[in-house]
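Trainee: Listed below, chain by chain, are the residues.
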Amino acid sequence: MQTDPLSATFAALADPTRRAILARLIEGSATVKELSAPFAMSGPAISKHLRVLERAGLIKRGREAQWRPCELDAAPLKDVTEWADRYRKFWDASYRRLDSYLDQVKEKDHDD
Amino acid sequence: MTTSTTILRTLSDEEISISRDFAAPRELVFDAHTKPEHVSQWLLGPEGWSMPVCEIDLRPGGAWHYVWQHVDGERMEMHGEYREVVRPERIVNTERWGDEWPETLHTVTFTEQGDTTTVTQVVRYPSKDDRDAALATGMMTGVERSFDLLDQLLAQAQ
Chain A
1 MQTDPLSATF AALADPTRRA ILARLIEGSA TVKELSAPFA MSGPAISKHL
51 RVLERAGLIK RGREAQWRPC ELDAAPLKDV TEWADRYRKF WDASYRRLDS
101 YLDQVKEKDH DD
Chain B
1 MTTSTTILRT LSDEEISISR DFAAPRELVF DAHTKPEHVS QWLLGPEGWS
51 MPVCEIDLRP GGAWHYVWQH VDGERMEMHG EYREVVRPER IVNTERWGDE
101 WPETLHTVTF TEQGDTTTVT QVVRYPSKDD RDAALATGMM TGVERSFDLL
151 DQLLAQAQ
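As you go down the protein sequences, you meet chains A and B in turn. With the first letter of the first sequence counted as 1, position 102 gets the number 102 in my numbering; the numbers rise by one all the way through. With the first letter of the second sequence counted as 1, position 86 gets the number 86 in my numbering; the numbers rise by one all the way through.
Hints are computed from structural coordinates only; laboratory data are not their basis. The model shown is predicted, which means the values in this text are computed figures rather than measured ones. Accuracy of the hints is not assured; some may be wrong.
Claimed, not checked - Straight-line Cα separation of at most 25 Å, DMTMM-like style, residue types lysine to aspartate or glutamate; simulated pairs:
{"#": "1", "chain 1": "A", "residue 1": "K106", "chain 2": "B", "residue 2": "E89"}
{"#": "2", "chain 1": "A", "residue 1": "K60", "chain 2": "A", "residue 2": "E27"}
{"#": "3", "chain 1": "B", "residue 1": "K35", "chain 2": "A", "residue 2": "D99"}
{"#": "4", "chain 1": "B", "residue 1": "K35", "chain 2": "A", "residue 2": "E107"}
{"#": "5", "chain 1": "A", "residue 1": "K106", "chain 2": "B", "residue 2": "D115"}
{"#": "6", "chain 1": "A", "residue 1": "K106", "chain 2": "B", "residue 2": "E95"}
{"#": "7", "chain 1": "B", "residue 1": "K35", "chain 2": "B", "residue 2": "E95"}
{"#": "8", "chain 1": "A", "residue 1": "K106", "chain 2": "B", "residue 2": "E112"}
{"#": "9", "chain 1": "A", "residue 1": "K89", "chain 2": "B", "residue 2": "E47"}
{"#": "10", "chain 1": "A", "residue 1": "K108", "chain 2": "B", "residue 2": "D21"}
Unchecked claim - Stretch by stretch, here's where chain B covers chain A in the computed footprint (C-beta under 8 Å, at least three residues):
{"#": "11", "region": "86-92"}
{"#": "12", "region": "100-108"}
Said to hold, decoys possible - To give a feel for the contact side, a few chain B residues facing chain A, derived at Cβ under 10 Å:
{"#": "13", "residue": "I16"}
{"#": "14", "residue": "F22"}
{"#": "15", "residue": "L28"}
Beta carbons are placed, not taken as given, at the ideal position from N, Cα and C, and that holds for glycine.
Excised from the complex, chain B in its bound form (with noise of 0.2 Å):
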């Protein structure tokens, strides 16, 4: 089993980028992705987690709906529309998690070299000129500028 770290980056005011290695041929892993079968196996956070449904349309236009449950009982819902599907290469895809948040496009590439799969997944938030567009373009940049600040805080703490 390999031991590849998840990576996240900001890439822009209005983009994250996260991406893993992954030790299994492109096909392999792009299935991963977009089979039910497979997707409803692993894309389950942390521990305590199942997904009872996991709908997947892989075409334009199609529709894609996860609901997780916890064993506590918590339910989390997720969904969104496939805009492009290049097997085995890249997705684009709507996502939105319930209406606090806005909505979310996503770019997924898969590259292949030698025995390695890179995922790559682009989030990018909506424009500045969006109607939520100053608390979305806030989140990414808060973020890392709140790492900044903890770690200023705890360096002046030591």
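Excised from the complex, chain A in its bound form (with noise of 0.2 Å):
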């Protein structure tokens, strides 16, 4: 399947622990070790979780993993606020026009 960054930060949020990792990097950078220490999880394993959070550009991180900290990268995440924002737009425009427009209906079958 091929994927859009969208579509890959949304792939990226739809896990829990990742979600856990990312709300647990809004309080500041972490290491992998301090990451991993909430969950029952083999460093191997979150480092896993990390690198999705990556290639989604959710996260950054020093070359040497084990070391360097992660840190939140929150512009994909105003991506997906602005896709949902859209499509509540997309109604909310439409139907202010079916307000007048029904309006417009039922004055004219008054008229008639």
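Both chains come to you apart, so use the hints to assemble them.
Mentor: Now the structure itself:
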């Protein structure tokens, strides 16, 4: 399956462990060891989740992943909220138009 | 003219709902959603779009097809099939936007109370067992979670 940046963000956010990691990173940067502490998971399992987050552009890491802290990158999250917002805006704008359209139709029915 | 709010809710990992009140009788609101001469007048989203194609075969198994055109030349297309049609109460239909999104199932209900008709669309993404499920489920959960995360980030930035 081809993955556009938005789909990669959605896929990365689909997992509860990855969401918990992101929530932890909101408090500030952390090492892999610190990030794995709350989970009953091995370091390599956590690293796998971090790689998914990194590919989705949600976190930044140093080259020596074991030592350099992970940092949150919020830009892709903004893309997701923009997507949801567009969906809501589409319906909201259409429904506003429907309000006045219904008024017109009601008036016309009344005149007939 | 009424000033009602469009409400978007996450019902579960697989479902969202969009609801809105209208100051008009239910039959009229139902027709506005199901007759091409009405639909093409208002289902246009933000400014700048028109709907040159609006085909509706309103019966179970019947197809629908919408094409939008923007003044700058961009085109958008959407199509699906009706599964259930109960005038003026309920419509169940499938919806598909291009190949990159999974097909969704929409249940639209029209309820009337006094002079107000409430339209509620429940959008269901494919089940967890579906091939696209990880993505689709993550889509809605992700949207909600990313709002939460953004809230926290904004709170922290202040």
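Trainee: Hint by hint, say whether it matches the structure.
Mentor: Results of checking the hints against the structure:
1. Restraint check: the Cα-Cα separation between K106(A) and E89(B) comes to about 20 Å, which is no more than 25 Å; the hinted pair holds.
2. Taken as a hint, the K60(A) and E27(A) pair is honoured in the structure, with Cα atoms around 15 Å apart against an allowance of 25 Å.
3. At roughly 16 Å between alpha-carbon atoms, K35(B) and D99(A) fall within 25 Å of each other, so this suggested pair holds.
4. A distance of roughly 18 Å separates the Cα atoms of K35(B) and E107(A); the hinted pair therefore holds under the 25 Å criterion.
5. For a cut-off of 25 Å, the pair hint linking K106(A) to D115(B) stands: about 13 Å separates their Cα positions.
6. As the CA atoms of K106(A) and E95(B) are separated by approximately 30 Å, the hinted pair breaks the 25 Å bound.
7. A hinted pair counts as satisfied when its Cα atoms are at most 25 Å apart, and K35(B) with E95(B) qualifies at roughly 17 Å.
8. A distance of roughly 16 Å separates the Cα atoms of K106(A) and E112(B); the hinted pair therefore holds under the 25 Å criterion.
9. Annotation: proposed proximity of K89(A) to E47(B) holds, straight-line Cα distance about 11 Å (limit 25 Å).
10. For a cut-off of 25 Å, the pair hint linking K108(A) to D21(B) stands: about 21 Å separates their Cα positions.
11. Proximity of the region 86-92 of chain A to chain B, defined as three or more residues with a beta carbon under 8 Å from a beta carbon of that chain, is established by the 6 residues found.
12. Look at the region 100-108 of chain A against chain B: 6 of its residues bring a Cβ nearer than 8 Å to a Cβ of that chain, three or more, so the hint holds.
13. Annotation: I16(B) was flagged as interfacial toward chain A, and the flag holds, the nearest CB pair being 9 Å apart, inside 10 Å.
14. Taken as an interface hint, F22(B) checks out: its beta carbon lies about 6 Å from the nearest beta carbon of chain A, inside 10 Å.
15. Annotation: L28(B) was flagged as interfacial toward chain A, and the flag holds, the nearest CB pair being 6 Å apart, inside 10 Å.
Comparing the model with each earlier hint shows a violation of hint 6 alone; every other hint is respected.
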